[in-house]
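Sequences are here, hints too, so could you generate the full structure?
Chains A, B, C and D, in that order, are what the protein sequence lines are.
Each residue of the first sequence is one higher than the last, beginning at 2 in our numbering.
Each residue of the second sequence is one higher than the last, beginning at 2 in our numbering.
Each residue of the third sequence is one higher than the last, beginning at 2 in our numbering.
Each residue of the fourth sequence is one higher than the last, beginning at 2 in our numbering.
Some hints could be false.
Ranges of calculated distance between the beta carbons of each label pair, as one might list FRET restraints [claimed, not checked]:
#1 K106/D x R389/C: 39 to 45 Å
#2 P26/B x K297/D: 54 to 60 Å
#3 S240/B x H117/D: 57 to 63 Å
#4 Q121/A x K312/D: 57 to 63 Å
#5 P71/A x F75/C: 45 to 51 Å
#6 V38/C x P61/D: 38 to 44 Å
#7 Y110/A x P26/B: 23 to 29 Å
#8 S240/B x Y110/A: 50 to 56 Å
Within a straight-line C-alpha distance of at most 27 Å, the following computed BS3-like cross-link-like pairs (lysine-lysine) qualify [said to hold, decoys possible]:
#9 K64/A x K116/A
#10 K19/C x K116/C
#11 K25/C x K106/D
#12 K25/A x K25/B
#13 K25/A x K106/B
#14 K250/D x K295/D
#15 K106/A x K191/B
In short, the hints are calculated from the structure, not lab data.
As the structure is a computational prediction, the values presented were derived from the model and not from experiment.
By construction, the Cβ of each residue, glycine as well, lies at the ideal position given by its N, Cα and C atoms.
Protein chains: 4
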Amino acid sequence: MILEQVHILERFLAIRSKTEEICKPLSPEDHVVQPIVDVSPPKWHLGHTTWFFETFVLLPNLKGYKVFDPDYNFLFNSYYESIGSRVIRTNRGNITRPGVNEVLKYRSYVDQHMKHYLDQNPGREVIQLVELGMQHEQQHQELLIYDIKYILGKNPLFPAYGKQNVLPKKEASPLNWLNVEEGTYQIGHKGQGFSFDNEHGLHTVFLHKYAIADRLITNGEYLEFMENGGYDNFRPWLSEAWEWVNTNKINSPEHWHLVEGQWHQYCLNGGLLPLDLNAPVTHISFYEADAFAKWKGLRLPTEFEWEVACKRYGKIDDSSNFSDTGIYQPRSQNQGNNQFYGDVWEWTSSAYRPYPYYEAPEGAVGEYNGKFMINQMVLRGGSCATPRNHIRLTYRNFFSPHLRWMFSGLRLAKHI
Amino acid sequence: MILEQVHILERFLAIRSKTEEICKPLSPEDHVVQPIVDVSPPKWHLGHTTWFFETFVLLPNLKGYKVFDPDYNFLFNSYYESIGSRVIRTNRGNITRPGVNEVLKYRSYVDQHMKHYLDQNPGREVIQLVELGMQHEQQHQELLIYDIKYILGKNPLFPAYGKQNVLPKKEASPLNWLNVEEGTYQIGHKGQGFSFDNEHGLHTVFLHKYAIADRLITNGEYLEFMENGGYDNFRPWLSEAWEWVNTNKINSPEHWHLVEGQWHQYCLNGGLLPLDLNAPVTHISFYEADAFAKWKGLRLPTEFEWEVACKRYGKIDDSSNFSDTGIYQPRSQNQGNNQFYGDVWEWTSSAYRPYPYYEAPEGAVGEYNGKFMINQMVLRGGSCATPRNHIRLTYRNFFSPHLRWMFSGLRLAKHI
Amino acid sequence: MILEQVHILERFLAIRSKTEEICKPLSPEDHVVQPIVDVSPPKWHLGHTTWFFETFVLLPNLKGYKVFDPDYNFLFNSYYESIGSRVIRTNRGNITRPGVNEVLKYRSYVDQHMKHYLDQNPGREVIQLVELGMQHEQQHQELLIYDIKYILGKNPLFPAYGKQNVLPKKEASPLNWLNVEEGTYQIGHKGQGFSFDNEHGLHTVFLHKYAIADRLITNGEYLEFMENGGYDNFRPWLSEAWEWVNTNKINSPEHWHLVEGQWHQYCLNGGLLPLDLNAPVTHISFYEADAFAKWKGLRLPTEFEWEVACKRYGKIDDSSNFSDTGIYQPRSQNQGNNQFYGDVWEWTSSAYRPYPYYEAPEGAVGEYNGKFMINQMVLRGGSCATPRNHIRLTYRNFFSPHLRWMFSGLRLAKHI
Amino acid sequence: MILEQVHILERFLAIRSKTEEICKPLSPEDHVVQPIVDVSPPKWHLGHTTWFFETFVLLPNLKGYKVFDPDYNFLFNSYYESIGSRVIRTNRGNITRPGVNEVLKYRSYVDQHMKHYLDQNPGREVIQLVELGMQHEQQHQELLIYDIKYILGKNPLFPAYGKQNVLPKKEASPLNWLNVEEGTYQIGHKGQGFSFDNEHGLHTVFLHKYAIADRLITNGEYLEFMENGGYDNFRPWLSEAWEWVNTNKINSPEHWHLVEGQWHQYCLNGGLLPLDLNAPVTHISFYEADAFAKWKGLRLPTEFEWEVACKRYGKIDDSSNFSDTGIYQPRSQNQGNNQFYGDVWEWTSSAYRPYPYYEAPEGAVGEYNGKFMINQMVLRGGSCATPRNHIRLTYRNFFSPHLRWMFSGLRLAKHI
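Take a look at the structure:
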């Protein structure tokens, strides 16, 4: 067994076991529900990430491999048209069997075979698929955290997932501006490490000079917007955003609750807690991020501005708040690194569209990213639910502009 | 302790434990989902039936009683506007906490206090509420069976709830007619035993002479209707029924599946099994029952015709198929009793409206029946999911004409 | 030409011309829209009633008859599955061609041929179809009035259809009770005159003794209900009614508007006028009629009670307010006839179901009534939009319980 | 009166009269309906464009001006939150009064006052508002043509708006590629002429070298895609596009009809006509344009690529097919100008987002463009429904990706 295999096997097992660890505090009942279409049952995540390895790695490559259960392809396919029919998405929360224990057996079965298969010294191409499967599983780890938060946080009992974080409360520093001069810049991934197809198409963009804030917007600043009639005044809102606000009676970020005149926030660790005014605001839609920026007379950065600024001013360091910290909540300001990484995904003003030269890969994995490049906005930088080794400068996350069950937030920008 | 108390306590405990017995074969995951609005999560049934005793019996009557958890009123109220706000019905399936074990503790807590309370020799009025609570719980036992069947039967794996029934297959006897002569008849409940408010208003009706079939319509007879283009020809269908057929692409009763050219039926005991042509057809809507009758050139009986005929020709005997048999599926013909009781609820041609002199009781229990008397049809006779001691001649069940997840079927009638 | 033919031809021409007279005050634009699914464009009524004669009388019976335009069958079929496909109901308001003038030419063409045909001494059976077509057209005259009222009354300009009625204002007399003793009664149509199939099945019912109000409920009495929190208190409402109130934010009858603290009513003649407290309340749903009655501690009569009482206490006289008066609004109390006929259709507590012995006629006309006998309630007595010679004791009108764009109202009843 | 005033008055009157000319062939009935939410009634367009001048020019600037009717602000406001409440968009098609004639009187009244006002030598700022109003009216002239086409083209009678065009049929030339080299380019409007705010923010972009087709894609080429299973194969479709195809059962462009095995196209002039294989494909959504390009292994140009290429290779000449030709249908290839202008709006691959430095104007006109910059795609070049003097190089049109009732089409691009 050569070194790379050892390395990939170790990483494989670590990632697989991390997923199960995330689900540990859950009851069997917590694993099964789907309160909104965007949330998938934790049990489904456990099965789907496993199905990915079974379908794309083992079945076509491991000689004599027998699928754990032929029905699972139907149950755990997410959106791959190439792979056949599937449970429609809105029905995921109605499937009580197989139960959690059975799905864990499925995981164990596939892991055993993956171990066996990785011992066989598979070729480069398959290794790349395994790598993709691991990155895919890390993405689902992050979704799991959002989904668990939604499942527990919408329960009228507000049960906590973990113990309340004991963190030093830091006051947010005054907001300063980081400048970037006009010029052409390289955008997109290059180099050896893993990256998704949507980062490819290394290309040049021209940027006019601009300034970008040196930290995220805080709950306290967002509360000012609210107290200033933010949700009652159409002016800063996009037309369809204003309709969204009114139709859904939106009057605060997701997971905020006004309890006896005091704003609280549901947190995975600790449950319903008083709002920390110095922590970055999170669980806001693009609509809200954009309205806040306009209310301030400013704007969001483009994803290119973000990438160029982050390359110069951002860094991942020990104070970066990723899922590895287990805090699962953005925290009062992390000095020194300008908060580009971790804490919250930052809405950019860029629509999610292919880069020049982008090409979707052949086959089913070609359905991974490209087919979603419409009516979504790009977010950058990772969050407190992102594994530290999963994020990078060029990573493009994307969501529909009305969504906010994820850890999303904002940073301001302006032309200078 | 006087005899009646002993008696009611015994019955109380037996009914309470029966509910839990029904849920025994379920996994925790099975307890929590709500695949359609009509289905409630088994866990919710366990909690709601308990909440009924806590709210209507213990809290107003047992001195010093402390509720198990003040949030449970919000979680387990079904539709009682008088008792305060509640989880909206479509959200029942998103509530994972309290878990099944916690709800069983709630049951145990309330049962302890009920025992204690019933020992205190409560007055007549409260005893009546306890009686209502027990009847209510038996109704939920029946709903539990429908709901479990739906949860498991819509799972692509078709998991069985219990072992396949081993039953003698009987051939359906030729359909004969039972005659009733013209005249006035008494309708509604009289006597000492328990009855619901909707059976009250003992009153007289005039019936023209008619004949009613001596048995239920079978799967085989219904299949003939299907093979005769039953679902493709608008003629026998009510206008909104025809729209329902087309919008929902209905082409067979609920829980029927065509597997390799052979019709199967999902059964709680045994899972997916070949259709028994001699068993009564079930899981049909009023629309389908009515269309079948019209296709035959006949009609459904009114609820009055049914009651008068059943009084004369029906009986509950040892061959009656109630939930006590544990078969949970209508079975090939039960001779001798004309099948009026058990097996399937029989759709009548009567809309569910109040009897003359009907009055809803005072207070919250007044919301039990009266407020649902619109746009629903009456069914009579109980089913294989009804407890034997819960049914009676005058019992009026009711459902919207499009519903069919319950054990519903039909019997023909005609004027003579 | 024999007398009966003369007679029918005269009536035919009179009815046909009445329909056009109703549409006279309308602009071409008024003829074309469909603001809600229940309202049909006036142009469609003009065409559809003509299509009825063309399709059911001329085409099968008049030798050599050529249809005016082969596309009109598609355009003007309402709901006859037997006659082929058609514009879906919700699309009726999008069809601008043929225009009103073209449709009037169609009417004229068909009328010419009908004259010609009726001269040919057609047989009894066809005469019956012509009779049905005339009754059908009178029903559409009434619908036209509702629909015109809706089209103009929902326009923010509240344009009037005709000049304000100048009527003596009468004060409502105190409400008295008319008694009917217990016994069996004959229900349904007998005799020579025209009647619809749904009145057939002459049969006997048994009624317990009861009393019925000697007049309709007034706007003033209904306003009391409103001011007593009628729309804010769930108690008198059926469960689905209460949901309807809340979903649709209902807080008054249809066509009521609160203008500077004073309730007004949109009237065809005169437009927006101050509410006449002594006139019968109208444009209320069954839900509202039923809630009002329950709030009073009383109830609505069954359709049988209504028919028996009307036979004894009701009469059509010169003070009866039918469409022939051209008032098009129920008016302050008409003494002497107990208001059973005209003014408003009276909601009964009876669901619309077939009478014993009811049989739908053969062929397309069999689709006229029977297929709608589900989830609707019966109304009796005709309204200020009903032609006087169209109503009779046994006439059964029917609407879904939530509808109220027609002239509907209520009369109270009670057991004694 | 100075020359500029003369000039603007002449243009004002010409534009105003052109709008009425477009509506001339319509019946009053045609003016009033709204078959889908995107279509507005022609009568509404007539009123709304007039309201714009009344509200933004006359009312604040012409001393003593009295509005024609105070209710019209409510009736004819489109989406200006700043100006008060309005008829909700989906209700526009239910408003039959004021009728067409009344609205024409309103137009005449406002035109009189505009003439009077423009004689008074108004200041620069107001002239700019008048200019905006004229451009606005030209946009509505274009929408009118789409909407009329939809209203007549969805009528089962397929009535023609005008006489069939007699045009020389040209064969489409082979598709060639126009190259553009890598570099930085200026984007956005500069100079004196009118432009919309969304073209402002003159800025620099960097483009990699690329090639763009020298003509539009034809019906014939699109038919190939269809015959190649274009609508049956998920591969070239964006994920939400594929859902759109299946939910709406899309299998051809809008206004295409298969008549006895031969594809036809509804055309304003001539009605239903056999498909011209050499004419540019039109009435396709972004989803379809994008899928076609992917099926070809190519892509759509960005709006920047389009603008740079058009600047170099495009021109408006006498063969350009704008609304002034009265053809109202894209036509077989117009040689020499590479078809960049006229015929059809070309879908680009760019999401509609603000340019750098974009700022919405103050006040109500600030609602003109900016608030729609989300979930829409940019189209360029004008169409056969665009007035020739309304289009320019930098003009940005925008629609949601699923819309296709407008004259939309596509041109291919590729990296080289």
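message: To test your reading of the hints: which numbers does this structure violate?
response: 15
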